[in-house]
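Number of protein chains: 2
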Amino acid sequence: MKIICSKADLVNGVGIVSKAVPSRTTMSILECILITASNGVIRLTANDMEMGIETKVRGTIEENGMIALDATIFGDIVRKLPDGPITISTDLSLKTTITCMKSTFVLPGRSGDDFAFLPKISRDEFITISQYTLKEVIRQTYFSISDNDSNKIMSGELFDIDGEKLRVVSLDGHRISIRNIELRQKYDTRKVIVSGKTLNEISKILSGEVEREVNLFFMPNHIVFEFDDTIVVSRIIEGEYFDVDQMMAGTYNSVVHINRKALLSCIERSTLLIKEGDKKPVIIGINDTLMELKINSTIGSMDEEIDVEKEGDDILIGFNPRFLIDALKVIDDETVTIYMISAKAPCFIKDDLGKYIYVILPVNFNTVM
Amino acid sequence: MKIICSKADLVNGVGIVSKAVPSRTTMSILECILITASNGVIRLTANDMEMGIETKVRGTIEENGMIALDATIFGDIVRKLPDGPITISTDLSLKTTITCMKSTFVLPGRSGDDFAFLPKISRDEFITISQYTLKEVIRQTYFSISDNDSNKIMSGELFDIDGEKLRVVSLDGHRISIRNIELRQKYDTRKVIVSGKTLNEISKILSGEVEREVNLFFMPNHIVFEFDDTIVVSRIIEGEYFDVDQMMAGTYNSVVHINRKALLSCIERSTLLIKEGDKKPVIIGINDTLMELKINSTIGSMDEEIDVEKEGDDILIGFNPRFLIDALKVIDDETVTIYMISAKAPCFIKDDLGKYIYVILPVNFNTVM
Chain A
0 MKIICSKADL VNGVGIVSKA VPSRTTMSIL ECILITASNG VIRLTANDME MGIETKVRGT
60 IEENGMIALD ATIFGDIVRK LPDGPITIST DLSLKTTITC MKSTFVLPGR SGDDFAFLPK
120 ISRDEFITIS QYTLKEVIRQ TYFSISDNDS NKIMSGELFD IDGEKLRVVS LDGHRISIRN
180 IELRQKYDTR KVIVSGKTLN EISKILSGEV EREVNLFFMP NHIVFEFDDT IVVSRIIEGE
240 YFDVDQMMAG TYNSVVHINR KALLSCIERS TLLIKEGDKK PVIIGINDTL MELKINSTIG
300 SMDEEIDVEK EGDDILIGFN PRFLIDALKV IDDETVTIYM ISAKAPCFIK DDLGKYIYVI
360 LPVNFNTVM
Chain B
0 MKIICSKADL VNGVGIVSKA VPSRTTMSIL ECILITASNG VIRLTANDME MGIETKVRGT
60 IEENGMIALD ATIFGDIVRK LPDGPITIST DLSLKTTITC MKSTFVLPGR SGDDFAFLPK
120 ISRDEFITIS QYTLKEVIRQ TYFSISDNDS NKIMSGELFD IDGEKLRVVS LDGHRISIRN
180 IELRQKYDTR KVIVSGKTLN EISKILSGEV EREVNLFFMP NHIVFEFDDT IVVSRIIEGE
240 YFDVDQMMAG TYNSVVHINR KALLSCIERS TLLIKEGDKK PVIIGINDTL MELKINSTIG
300 SMDEEIDVEK EGDDILIGFN PRFLIDALKV IDDETVTIYM ISAKAPCFIK DDLGKYIYVI
360 LPVNFNTVM
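As given, the protein sequences belong to chains A and B, one line each in that order.
Under numbering that gives the first Met the number 0, think of the first position of the first sequence as 0, with each following residue one higher.
Under numbering that gives the first Met the number 0, think of the first position of the second sequence as 0, with each following residue one higher.
Just to be clear, a hint being listed does not mean it is correct.
Identical copies carry no separate label here, and so any pair may be met within one copy or between two of them.
[Stated by the list, open to error] Taking lysine to aspartate or glutamate pairs in the EDC-like style, the calculated list, with each CA pair at most 20 Å apart, reads: (1) K274 <-> D75; (2) K354 <-> D161; (3) K101 <-> E308; (4) K101 <-> E291; (5) K101 <-> E267; (6) K79 <-> E291; (7) K203 <-> D90.
Rather than coming from a laboratory, the hints here were simulated on the basis of the structure.
Next up, chain A with everything else stripped away, as it sits in the complex:
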């Protein structure tokens, strides 16, 4: 194999596929990036067996072939080379020479034949959304997947397509995040659980531009994200997702409209008094047009008031401040509305248009505190 690419193109390509190089693996070939040059296309591929990424790199092919190179070392070298055309050539013993201007690196390569290639993609069923939308939806739901490995389904997010609607859901047993997206056309009904880790990595690669699109292809065991010059293949999480609609029932007794930033910075302040691992709730009392937040810990106490608009009953309710912070951070609205049933039932932060719903379970607390 012999190819010539610009430094910028190679750095970009390596940056994309590196997201699928496992940090630990028993199959050492997976620590490599596979470079293939054939049919006039140069491709980089990495695959950690849960997720695989393949991206095209512009360049000149002087000799077809393929080689697998240690991802870390190859990436470091490419990034540190001078700005100029980079030539990568291999010999029969798989020795790989990387040359740029007056600098020459020689590395041992590995045969591409041992590499775990990506599954063949069937392009029959797919939906199209903008990169902006996908990136935003991941940012707005990713925080509430469970980091506990014991429930595989909670480590993923539900992509629920129904006609012209896509609903993305994540939950961890204490809270639920839901984002609803209007699709540009009608699609068949389909529910898929996508690995949260994959979504997080994809969101780092997406340009996030409104005009650029992503195609999502659905296969029996995989979901494929195709955008720009890149394909990400991810194994689907098997199983039935939780019935979220059933968790939404209830009549709201207190509805509060409040400035999002004021509430967010007040709750962030309250966490200063909580030591790592301590489970102190922030106590929110709503009386007429005043919300009073209190926290009391071994470190000290805090008390703060925020003006609100309220409909319905006064209420005293406790929350894990982290859960409120996570939700308030990803909402873009200036004012948020909080719907509450009682001090022991979940509260709902949602907008009038039904674009988002954040459900948070309250925490029991001793009212005598």
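Please build the complex by placing chain B on the supplied structure of chain A, with the hints as guidance.
Chain B only, in chain A's frame:
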């Protein structure tokens, strides 16, 4: 005590004195920042017994007094409060109330009487330099103090004042860094070894402006840095510093002029092939007008050429690439000159004006490699 300060002034003051709060200590009072309000001045103080910092904060004193507050919690709260006037008041039980707009924190304070106050400063003997010069000199020498605690003197830097010259020296047994500064007037001869840790913390606080000055006061056991509204007191390291001049002897057989950035990025590339803890040298061969750099490790090999101007003999010499990188990074000149005696004698990177000298010991290597 009752004082009112702006958030910005308090955040700035806390940021400065926090550098002297020890991360671990058996004296828990040292984990505090001492706030004192008396004689119309509000002061913050912290002291880890090696280094103490005191800074003035603008504000209004409504009641004189002093209080010691946990540095981490007090700092976090001050930073997270809304932008507005912050009132700090204490009661007889040392309970401290911090109020800003509608937010109120209550913390337990500690008596200032237990605090380790800074030694009284005698202002008899001092020199004055610009903040810019002091900050630069620390940046340009700090990297070659020894991180090995076994030799206390190597953990400091020599401040050697002789007439109108200040020479700052650091060394770690493998290399020496020397910076010479012209003083604005003549001072008495004086040699002081200053803790590298203190210098590093001071360089973070210094604004680094050319027009702003620092006074360095010399006391029997301490050196004091006074600048802006801040005083840093540091215990002097006792002992006799190494005789650096004696290490400078030798006749140069090879002198090379080379572009600093080209050499730096080439050596940085070579380190990609060195695993953590591996001691592979970079081999530099100079033939006529070409410098060839080679490195050979278990990961792979690199070979690169750079154009140079040479006077004297050809030479083949090996270096720890890290040592070359550290020195080349802090030199500002476009072209550097390297003076070499032999493959087994120290090499010197120095300028014509005598502003800097970096001495680096070469590494033995097997020429058959």
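To see whether the hints hold, each was checked on the structure:
In the homo-oligomer, the alpha carbons of K274 and D75 lie at most 20 Å apart only across protomers (13 Å), although the nearest pairing inside one protomer, at 39 Å, exceeds that limit. Proximity of K354 and D161 under a CA criterion of 20 Å is satisfied intra-copy only: 15 Å inside one chain copy versus 73 Å between copies. In this assembly of identical chains, the alpha carbons of K101 and E308 lie at most 20 Å apart only when taken from different copies (17 Å versus 69 Å within one copy). When the C-alpha separation of K101 and E291 is checked against a cutoff of 20 Å, the pair qualifies only between copies, where the shortest distance is 10 Å, while the shortest distance within a copy is 67 Å.
Taking the closest pair of Cα atoms, K101 and E267 come within 20 Å of each other only across two copies (15 Å); inside a single copy the shortest separation is 53 Å, beyond that limit. Proximity of K79 and E291 under a CA criterion of 20 Å is satisfied inter-copy only: 18 Å between copies versus 54 Å inside one chain copy. With identical chains, the CA atoms of K203 and D90 are never at most 20 Å apart, being 35 Å at best within one copy and 52 Å at best between copies.
Taken one by one, the earlier hints fail for this structure only at number 7.
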